[in-house]
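Note that full-length UniProt numbering gives residue 305 to position 305 of the sequence shown, counting from 1, and the numbers run on in steps of one.
The reader is advised that the hints may include incorrect statements.
[Stated by the list, open to error] Calculated lysine-lysine pairs in the DSSO-like style (CA-CA distance at most 27 Å, straight line):
1. 125 to 21
2. 461 to 419
3. 327 to 372
[Stated by the list, open to error] Label-pair ranges, simulated between beta-carbon atoms:
4. 762 to 384: 56 to 62 Å
5. 114 to 12: 25 to 31 Å
6. 585 to 467: 21 to 27 Å
7. 194 to 563: 21 to 27 Å
8. 204 to 109: 32 to 38 Å
In case anyone wonders, no lab produced these hints; they're calculated from the structure.
Even for Gly, the Cβ is constructed at its ideal location relative to N, Cα and C.
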Amino acid sequence: MQNIKSLYETGKYEEVIHILKKCLNESCGSHLYYEHPLNKHAQMEVLLESLWRLGNFQDCISWAEKVLKYSTDNYFIISRNGSYSIEFARSINSALLYIHELIEKLGYIILEFEYISRMVQSIHKILTNLLDSQHDKNVSNNHIIDCWRAWIILHYVLEWENDRNVINRKNFTNQESNFLLESEEEKWFSSYMMFFVAHELLGRRQWCSKGNHKFLSMILNVTVPKLRSPLFEPYRDIIQECLEQTTFCLYGYPQKKARMRHIQDHETTPIDLSWPKAAQLLKIFRPHVLPQFNSYKIDSISTDMETLLQQCISTMPIKYNIIGHTKPIEDFINRKTNSLPMLFNSDVLCFKMNWIYYLLADYYFKCRDFSKAIQYYEMDLTVDPTRFDSWAGISLSKASKCETMIGSIEVLRPAEFLKITDDTLKCFEMCLKINENDPQLWVENGSFAYNVQSYCSRYLKSQSVSPKELSYAKLQQNKYSKIVHKCFNRAINQTLSHEKCSDADNEDHDDEHWLYHYMLGKIFEKDRGDPVVYLTHYFKSSICLYESNATYPIKISHSNPSLLCIESLELFYRTNAAIIKFVERNSNIRHSTGLMFMKILKELAVCPFAVNRAKINEVLLKKHKFSGEQSIQTSERYVQEKDDTMKITSQDFLQAFTTANSINTCSSTSNTSTSTSSDTDTVQEMSSDSDSDCTNMDEDYVDSELRDAIFNECLKNLEECATRFPEHYKSLYRLAYHYMYSPGITKSFDKCYELLLGSYKTALGALVQGIFTERRSNNFFNGIWRIPS
Numbered sequence: 001m002q003n004i005k006s007l008y009e010t011g012k013y014e015e016v017i018h019i020l021k022k023c024l025n026e027s028c029g030s031h032l033y034y035e036h037p038l039n040k041h042a043q044m045e046v047l048l049e050s051l052w053r054l055g056n057f058q059d060c061i062s063w064a065e066k067v068l069k070y071s072t073d074n075y076f077i078i079s080r081n082g083s084y085s086i087e088f089a090r091s092i093n094s095a096l097l098y099i100h101e102l103i104e105k106l107g108y109i110i111l112e113f114e115y116i117s118r119m120v121q122s123i124h125k126i127l128t129n130l131l132d133s134q135h136d137k138n139v140s141n142n143h144i145i146d147c148w149r150a151w152i153i154l155h156y157v158l159e160w161e162n163d164r165n166v167i168n169r170k171n172f173t174n175q176e177s178n179f180l181l182e183s184e185e186e187k188w189f190s191s192y193m194m195f196f197v198a199h200e201l202l203g204r205r206q207w208c209s210k211g212n213h214k215f216l217s218m219i220l221n222v223t224v225p226k227l228r229s230p231l232f233e234p235y236r237d238i239i240q241e242c243l244e245q246t247t248f249c250l251y252g253y254p255q256k257k258a259r260m261r262h263i264q265d266h267e268t269t270p271i272d273l274s275w276p277k278a279a280q281l282l283k284i285f286r287p288h289v290l291p292q293f294n295s296y297k298i299d300s301i302s303t304d305m306e307t308l309l310q311q312c313i314s315t316m317p318i319k320y321n322i323i324g325h326t327k328p329i330e331d332f333i334n335r336k337t338n339s340l341p342m343l344f345n346s347d348v349l350c351f352k353m354n355w356i357y358y359l360l361a362d363y364y365f366k367c368r369d370f371s372k373a374i375q376y377y378e379m380d381l382t383v384d385p386t387r388f389d390s391w392a393g394i395s396l397s398k399a400s401k402c403e404t405m406i407g408s409i410e411v412l413r414p415a416e417f418l419k420i421t422d423d424t425l426k427c428f429e430m431c432l433k434i435n436e437n438d439p440q441l442w443v444e445n446g447s448f449a450y451n452v453q454s455y456c457s458r459y460l461k462s463q464s465v466s467p468k469e470l471s472y473a474k475l476q477q478n479k480y481s482k483i484v485h486k487c488f489n490r491a492i493n494q495t496l497s498h499e500k501c502s503d504a505d506n507e508d509h510d511d512e513h514w515l516y517h518y519m520l521g522k523i524f525e526k527d528r529g530d531p532v533v534y535l536t537h538y539f540k541s542s543i544c545l546y547e548s549n550a551t552y553p554i555k556i557s558h559s560n561p562s563l564l565c566i567e568s569l570e571l572f573y574r575t576n577a578a579i580i581k582f583v584e585r586n587s588n589i590r591h592s593t594g595l596m597f598m599k600i601l602k603e604l605a606v607c608p609f610a611v612n613r614a615k616i617n618e619v620l621l622k623k624h625k626f627s628g629e630q631s632i633q634t635s636e637r638y639v640q641e642k643d644d645t646m647k648i649t650s651q652d653f654l655q656a657f658t659t660a661n662s663i664n665t666c667s668s669t670s671n672t673s674t675s676t677s678s679d680t681d682t683v684q685e686m687s688s689d690s691d692s693d694c695t696n697m698d699e700d701y702v703d704s705e706l707r708d709a710i711f712n713e714c715l716k717n718l719e720e721c722a723t724r725f726p727e728h729y730k731s732l733y734r735l736a737y738h739y740m741y742s743p744g745i746t747k748s749f750d751k752c753y754e755l756l757l758g759s760y761k762t763a764l765g766a767l768v769q770g771i772f773t774e775r776r777s778n779n780f781f782n783g784i785w786r787i788p789s
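Based on the sequences and whatever the hints tell you, model everything.
This is the structure:
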């Protein structure tokens, strides 16, 4: 024994092992707890180290188990004696360390030794005594033993046992195998749940972060790779909560909030996040399904997740970082190159974390931070240039920024602004090239083009425009006008194709169908097209609203409008405004066109909006069940009322447009575009006897009497809009404009003043406040600014 030190230092481990085995076998059997304990503990350490260095691992684990057994029994017998208990605790830690390292180095095969059961009993004894609720967490001696390492060894033993069962199951019949399989799945899951229970027990005493957070890291290393396993599916919510507790102790994420009651504060100090661990952490918290560009905000990531993703990016190695590599995609958007860039060569990022930039972009997009959204969309497109949702998101982000620029008070330079809109148009083109069957993108593209076309129209009306700028703006106006026509016609065609493919008994229809005709009507009107065309679109839009169960209340609530009532009001207003503006603008109007306007205005007086009669939904009728004949009579009365309403909205309107169009067809010789002719064809087919009506019509122009009659009908309908929705300032403005500039007897400066700065009394006696009327003079414009867009 006196030569042990020199033998160990010279590397003669075999001699050291022979001497120490003989000595320890003689002394470990005795219970002399106070006889040279330090020498004995040192002997144990030297023996285990010599066996490790010599590579005799099977003997090493066998002696480590003997040391664990001997030290555990003595530790709890003499635990009141501080100096001796500390030495035994160190021996326990040393034995646990060697067992842990041997399993990690050699795998579960090292557990094939005689005293495996006794080792488990020793570990069980350690854990049950130290984690007993009667023990005080502040007792310093209890902190010495590495309980966390004992839990890890116990997990390895359970995994080894499960693997043995899988091998043994091959020798059973199918029925026996199925029965054993179910029990093995439960055992397999329990080996992972044991970690979470251990974390809870250790956390109560603030021990879970001991050993440099190795226990917490072990939980993630074992659980995360199998997180998506089908065997975890029944326990998905439980595992997620346990993993959130683990990551909270390890990294401080997610932040503890009132609604996350399952997270407890174990008073640990979070460690810094590294790049290798970032991918592991994101596997836990990444969405199972990536949010789409048009999904709800709740489907996007949270603010805490956004912070975590930013931390992950900050730890990203330079070779994986996308920042500084987005120029190819920017050049493609700016039309500096026609070829779509190739995938960014980022190896691990492309396959494991290629969604990280998309999640950030989607988050900023849903939060309406469009500048950051565009930045991260470009990064994501650098990684995946063909991701449809990224092209859609960047298109909508750029379009929203353009709309903000148009609505701002800053003076825009047309050349610079139209260059930005052209880049946005490129994004829309690429998006629709990837998926041309998305009607929402066609609508968004068309709406964006309409806003740009409107800007060009306003710019052309400005006084200080050079001939060169005038020519350029006119060219851009025509360009975007064609885009509007293309987009909304495409949306209509896709809707019709969908309806043809759907079941005939299915009553579902596109609730946005009214918008397509409405926008086409507006663009035809802005292009000074044939009034038959855009009035036809307004008519079709109103019918679509009716079929979508629009409501027509007598008074429209500004803060809480009912279903599609404001949209119905807008269509009613737009039809009347289109007619009155056309008559005001043109001095020579054919008599046939004037008769068409009068016929339309008379039919508008009995349309669903004017008579406050909505479509009766048969599904709602079924909810009102009455007994006996009363139920039958009530249902018949409702159905009859529905039929009458449909006659008003469809037959009368169709007849109005049929007659009007037949008149206009005979007298008008104006040429229209291809899309215009396709729309008028719909109207021309409404009647079979239109040719016989043409021969009886004069070719004269509208006289002042007919013109004033048209004005009076329009004014009455506009007053209806202002009465039912006082905040509809467009109706008030249109009335005021007409009274100011009317070419006929309806011109009245007094009424114009009342509509602007006073109180206006309608033909039916209703009082309407003027546009700029406020209780205090310093609130000029305040009323309009408060109207939401």
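The hints, checked one at a time:
1. 125 to 21: holds (26 Å)
2. 461 to 419: holds (21 Å)
3. 327 to 372: Roughly 16 Å between the alpha carbons, so the hint for residue 327 and residue 372 holds.
4. 762 to 384: 56 to 62 Å: holds (59 Å)
5. 114 to 12: 25 to 31 Å: holds (28 Å)
6. 585 to 467: 21 to 27 Å: holds (25 Å)
7. 194 to 563: 21 to 27 Å: violated (55 Å)
8. 204 to 109: 32 to 38 Å: holds (35 Å)
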